[in-house]
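Could you put the whole structure together from the sequences, leaning on the hints where they help?
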Amino acid sequence: MEQQLSIILKKVSKRVELVVVVDKNGLPIMSLDTQTKKNIDPSRETVVAGIGAAVLSLAESTSSVVDQGALKELIIKNENGTIILLDAGKSAILIGILPPKAGIDNALISLKIAANSIAKLQIIPSRGFPKPEVSDIFVPDID
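Residue numbers (my numbering): 1 to 143.
Worth flagging that the hints you see were computed from the coordinates, not collected in a lab. As the structure is a prediction and not an experimental result, all values here were calculated from the model. Wrong hints could be hidden among the right ones.
Below 27 Å or equal to it, Euclidean Cα-Cα: the simulated DSS-like pairs (lysine-lysine) are [claimed, not checked]: (1) 112 with 77; (2) 11 with 112; (3) 14 with 101; (4) 11 with 37; (5) 101 with 120; (6) 14 with 37; (7) 38 with 101; (8) 77 with 14; (9) 38 with 120; (10) 38 with 14; (11) 10 with 72.
So the derived label-pair ranges between C-beta atoms look like this [unchecked claim]: (12) 11 with 66: 33 to 41 Å; (13) 67 with 38: 38 to 46 Å; (14) 7 with 105: 21 to 29 Å; (15) 27 with 120: 15 to 23 Å; (16) 44 with 66: 26 to 34 Å; (17) 4 with 109: 33 to 41 Å; (18) 122 with 54: 36 to 44 Å.
Just so it is clear, CB atoms sit at the ideal spot from N, CA and C, and this is done for glycine as well.
Dropping the structure here:
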């Protein structure tokens with residue numbers, strides 16, 4: 001699944017500087033700098049993931065309170081660029097960060113295609129530590 005996710009992120013438009021896939025608990029799953037095709041700095045990835053999930057959760061609550069239905073996307077325009085948050089399935093969020101002069105139209109289409117592809121992967125949300133394999137468990141012989 002990691003390889004499939006990497007392929008999806010690499011297909012995102014270069015108008016999007018950074019893309020981050022986050023679980024809905026705010027934990028980063030994977031990120032990519034579209035210019036260098038490398039993962040972004042882990043500390044920045046973690047901050048973007050946590051804040052992005054919190055902002056999306058607040059927007060979903062607001063949408064629900066005012067009876068607007070399910071939130072589909074959130075676009076935040078800033079003086080230094082644009083942040084686009086999209087639902088990417090039951091347990092994932094796709095965050096795209098655009099530079100100041102990037103056109104939103106093509107970037108949004110590219111991100112929506114990626115979000116739909118990610119949703120099909122059915123990412124399972126983090127539940128702490130992964131279950132150990134049987135071979136990873138050491139049981140001493142007490143007899």
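Which hints from the list above does the structure break, by number from lowest to highest? As far as the earlier hints go, 5, 17 and 18 are violated by this structure, in ascending order.
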